[in-house]
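Spelled out, the chains give:
There are 2 protein chains.
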Amino acid sequence: MGRPWATFGVDLHLEPSGAGGLRRGLTDALRDAVRGGRLAPGTRLPSSRTLAADLGIARNTVAEAYGDLVAEGWLTARQGSGTRVAERAVVPPSDTAPRPRAPGRPTHNLVPGTPDLASFPRTEWLRAARRALTAAPSDALGYGDPRGRPELRTALAGYLSRARGVRAAPDGILVCGGFSHGLRILGTVLRARGAHTVAVESYGLFVHWDLLAAAGLTTRPLPYDARATDTRALPDAAAVLLTPAHQFPMGTPLRADRRAAVVDWARRTGGLVLEDDYDGEFRYDRQPVGALQGLDPDHVVYLGTASKSLAPGLRLAWMVLPPSLMEECVAVKGLADTCGVLDQLTLAEFIGSGAYDRHVRSARLRYRRRRDALVAAIAARAPEVRVTGIAAGLHAVLRLPPGTEPSVVQAAAWQGLALHGLAFYRHAQATTEPLDALVVGYGTPSDHAWAGALEALCRVLP
Amino acid sequence: MGRPWATFGVDLHLEPSGAGGLRRGLTDALRDAVRGGRLAPGTRLPSSRTLAADLGIARNTVAEAYGDLVAEGWLTARQGSGTRVAERAVVPPSDTAPRPRAPGRPTHNLVPGTPDLASFPRTEWLRAARRALTAAPSDALGYGDPRGRPELRTALAGYLSRARGVRAAPDGILVCGGFSHGLRILGTVLRARGAHTVAVESYGLFVHWDLLAAAGLTTRPLPYDARATDTRALPDAAAVLLTPAHQFPMGTPLRADRRAAVVDWARRTGGLVLEDDYDGEFRYDRQPVGALQGLDPDHVVYLGTASKSLAPGLRLAWMVLPPSLMEECVAVKGLADTCGVLDQLTLAEFIGSGAYDRHVRSARLRYRRRRDALVAAIAARAPEVRVTGIAAGLHAVLRLPPGTEPSVVQAAAWQGLALHGLAFYRHAQATTEPLDALVVGYGTPSDHAWAGALEALCRVLP
Numbered sequence: 001m002g003r004p005w006a007t008f009g010v011d012l013h014l015e016p017s018g019a020g021g022l023r024r025g026l027t028d029a030l031r032d033a034v035r036g037g038r039l040a041p042g043t044r045l046p047s048s049r050t051l052a053a054d055l056g057i058a059r060n061t062v063a064e065a066y067g068d069l070v071a072e073g074w075l076t077a078r079q080g081s082g083t084r085v086a087e088r089a090v091v092p093p094s095d096t097a098p099r100p101r102a103p104g105r106p107t108h109n110l111v112p113g114t115p116d117l118a119s120f121p122r123t124e125w126l127r128a129a130r131r132a133l134t135a136a137p138s139d140a141l142g143y144g145d146p147r148g149r150p151e152l153r154t155a156l157a158g159y160l161s162r163a164r165g166v167r168a169a170p171d172g173i174l175v176c177g178g179f180s181h182g183l184r185i186l187g188t189v190l191r192a193r194g195a196h197t198v199a200v201e202s203y204g205l206f207v208h209w210d211l212l213a214a215a216g217l218t219t220r221p222l223p224y225d226a227r228a229t230d231t232r233a234l235p236d237a238a239a240v241l242l243t244p245a246h247q248f249p250m251g252t253p254l255r256a257d258r259r260a261a262v263v264d265w266a267r268r269t270g271g272l273v274l275e276d277d278y279d280g281e282f283r284y285d286r287q288p289v290g291a292l293q294g295l296d297p298d299h300v301v302y303l304g305t306a307s308k309s310l311a312p313g314l315r316l317a318w319m320v321l322p323p324s325l326m327e328e329c330v331a332v333k334g335l336a337d338t339c340g341v342l343d344q345l346t347l348a349e350f351i352g353s354g355a356y357d358r359h360v361r362s363a364r365l366r367y368r369r370r371r372d373a374l375v376a377a378i379a380a381r382a383p384e385v386r387v388t389g390i391a392a393g394l395h396a397v398l399r400l401p402p403g404t405e406p407s408v409v410q411a412a413a414w415q416g417l418a419l420h421g422l423a424f425y426r427h428a429q430a431t432t433e434p435l436d437a438l439v440v441g442y443g444t445p446s447d448h449a450w451a452g453a454l455e456a457l458c459r460v461l462p
Numbered sequence: 463m464g465r466p467w468a469t470f471g472v473d474l475h476l477e478p479s480g481a482g483g484l485r486r487g488l489t490d491a492l493r494d495a496v497r498g499g500r501l502a503p504g505t506r507l508p509s510s511r512t513l514a515a516d517l518g519i520a521r522n523t524v525a526e527a528y529g530d531l532v533a534e535g536w537l538t539a540r541q542g543s544g545t546r547v548a549e550r551a552v553v554p555p556s557d558t559a560p561r562p563r564a565p566g567r568p569t570h571n572l573v574p575g576t577p578d579l580a581s582f583p584r585t586e587w588l589r590a591a592r593r594a595l596t597a598a599p600s601d602a603l604g605y606g607d608p609r610g611r612p613e614l615r616t617a618l619a620g621y622l623s624r625a626r627g628v629r630a631a632p633d634g635i636l637v638c639g640g641f642s643h644g645l646r647i648l649g650t651v652l653r654a655r656g657a658h659t660v661a662v663e664s665y666g667l668f669v670h671w672d673l674l675a676a677a678g679l680t681t682r683p684l685p686y687d688a689r690a691t692d693t694r695a696l697p698d699a700a701a702v703l704l705t706p707a708h709q710f711p712m713g714t715p716l717r718a719d720r721r722a723a724v725v726d727w728a729r730r731t732g733g734l735v736l737e738d739d740y741d742g743e744f745r746y747d748r749q750p751v752g753a754l755q756g757l758d759p760d761h762v763v764y765l766g767t768a769s770k771s772l773a774p775g776l777r778l779a780w781m782v783l784p785p786s787l788m789e790e791c792v793a794v795k796g797l798a799d800t801c802g803v804l805d806q807l808t809l810a811e812f813i814g815s816g817a818y819d820r821h822v823r824s825a826r827l828r829y830r831r832r833r834d835a836l837v838a839a840i841a842a843r844a845p846e847v848r849v850t851g852i853a854a855g856l857h858a859v860l861r862l863p864p865g866t867e868p869s870v871v872q873a874a875a876w877q878g879l880a881l882h883g884l885a886f887y888r889h890a891q892a893t894t895e896p897l898d899a900l901v902v903g904y905g906t907p908s909d910h911a912w913a914g915a916l917e918a919l920c921r922v923l924p
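So the sequences go chain by chain: A and B.
Position 231 of the first sequence, counting from 1, maps to 231 under this note's numbering, and the rest follow consecutively.
Heads up: take any position in the second sequence, counting from 1, add 462, and you land on this note's numbering.
Among the clues, some could well be false.
Restraint ranges, calculated between C-beta atoms of paired labels, are given here [unchecked claim]:
#, chain 1, residue 1, chain 2, residue 2, range
1, A, V207, B, D601, 51 to 61 Å
2, A, A451, B, R540, 45 to 55 Å
3, A, V111, B, P599, 11 to 21 Å
4, A, G21, B, F668, 49 to 59 Å
Here are some chain A residues pointing at chain B (derived, C-beta under 10 Å) [to be verified]:
#, residue
5, G56
6, A58
7, N60
8, A63
9, Y159
10, S180
Keep in mind that the hints were calculated from the coordinates and are not lab data.
Note that beta-carbon positions come from the ideal geometry of N, C-alpha and C, so glycine has one too.
Chain A extracted, bound-state conformation:
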């Protein structure tokens, strides 16, 4: 058919010009489209007036074709919701992959790494989104700067400077799609520079070690003693990945002398410190210790994220890079890996308006109360168990009597309580004496689910 489709509300992809008249042709075409699955169940069809105008045929013809198909059961028509494709099973193409079975969901979830998603500030976020998108120049919606939107980099530079003691200028910040994305970029750059080894902590996340391995780098764990990661023992590595403010998962801060040792190492060897500041805003007993990056912006990459303070689903994180690294990181990131600008603009507005500070303050109060409740419950009901680590973050480490970790983790699984033992976070090459402990993500449940999760936890503790 040689008609313009410009006025067509919904593209039906029809060719209603067969024999048997227009009504018959249109009816057949629509039926085929529904039967073949090309028109999905629930799809709303254009009004008969619109479709008629578009096809250049009488409105009655369309209305009659719709009527026929409603009578046949292919379409449904209801007052107020228009004409829709009936909700019936469409035969899927024979080559469709089998749907992967969702794993059974546990009743309670204390796996760390995700904040309380129910407390995401939806209303304030939408308000910021409206202000940001209304104010944005049209150009902002284009391909844009691979470092990220300047509005966000400017807001982050101010925020990180005052809240985390980071020395950051907007031009030194690279916005990325989550911490893992940033780490992948850094791993690729390090490998391209000829690096082979990255020192890591004895306890951490294997997904991070795997990302470095995928970039062609070997990870080698530093010893962890009673006090913290031992940075005096830094091997011949091109870089070291650390969580200085709040070791993940052990929950200890890097002590002042060991902070100094790692910076000395970096200056002496030209090595790079990758500072994972995943939950630096959440300290309950005192003012947070400033970022390591403030000590030496030329040798430390600061990595921050919205995944703990807001939500992982935003996929927004940021790196403050030494000037010498920016060009190579941008080249690796390239256009194929940029992040959506709308969330970037919204986060910039969210920070600039003070909403981010207000949200962090409120979240800090929430998580602090949960940690207090956890400590009190353990003291009262499981005196053999000791809560270790500083009053900070969204998780705590529960030291267990020697040899009991596997059975407690197993008991938790039976009770429908998702939970990891410390062994889950241990590097395969770690030489540190293994400890029996649980890593409890008290930030993960919603307020509603928290009490039940805590109760379930107490029930499985020795």
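Here the structure of chain A is known, so what remains is to put chain B in place on it, guided by the hints.
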């Protein structure tokens, strides 16, 4: 200081406990924070009441410290906007990278690849965002399925089926951050499978060829004759990257016999067809030709994008994958490369509510009018120039008299008109006889700027 920080609106990162009294200590700490750049110009300070409550000191002490610093010029206080850090130049850290100079912006822009960003449907998008975020379960804000949100994959399956004739089930769709991201994933998977060569078109985008090269693949161009890309000459390649609906940039559709030839080749050799359907919604003279993927979903990967229909800044695209490819693509994409869920949920709502269809219809009308104006202006003012390609998409190819392309492109640059000649899009190994032509992105300017851009174009044509 050992005080809780949970009630602190803005974290100042101060230690106001020095000698000389509280007022002096607070004044010094704030001054240092401003001087050192840790408190950025324009930052709003907490009210004296809030800060006093938080520090556990008298409100007057804070008010006096603020007053001192206003007097010294570090802060400003204005009725209604509170106390802020004064707008003064902060000395940047000495190690800041020099700001890259922005290239001079041309007056007119007819480089294809970007739609009219001024027509992005901001109000409707925000409305969809509100509905989507309000309706989303909290879990949606977590790390989520690496294939993308199920809401979006379901909406896309329905839309692609009815509008582009794609055979898609939600489980067969992988959401990615733009076409380039999808192509990078596919290139990595092909290389891991042992592929060495991907056939491409003689004319196309070098960024795509570069992405394949970065994955370790050689690109080899297919001949382009008067009719279209010649798929009968497919070399010994693992895959072929094509723009069947509307060759970019030549503007021709892949003819029926050559569509058949490429599918035959794929079936015979087990090769993979990568179908780049970048502007398939925009056809003005007839109903769009359905996607090649509908002919053989087992051998064709369909790639679509929101970059032309909405805006590149969304960084949202989608691949409909043969079942055999999904697992490998998900493994390559991984958690390090997921896209923000809020835009995914919003696009799902935008499609499901019919707003996407309405927007595409309105955009189609806009671009069609521009194309008509272009054709009319060329006929009237540059009879030596011929507009080629079908009435579709957001760009047209203007054939020039032999030998004139370089001088016309040069003249355009002098006139402040950003424009590419056809040579810009030619593969280095292309054997096709070179043609003199301009590739005119009539979709790029805003409505406001379009007439001026067209006039500037006419002035530089022979």
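Query - Unmet hints by their number, sorted upward, for this structure - result: Violated hints (numbers, rising): 1, 5, 6, 7 and 8; every other hint is consistent with the structure.
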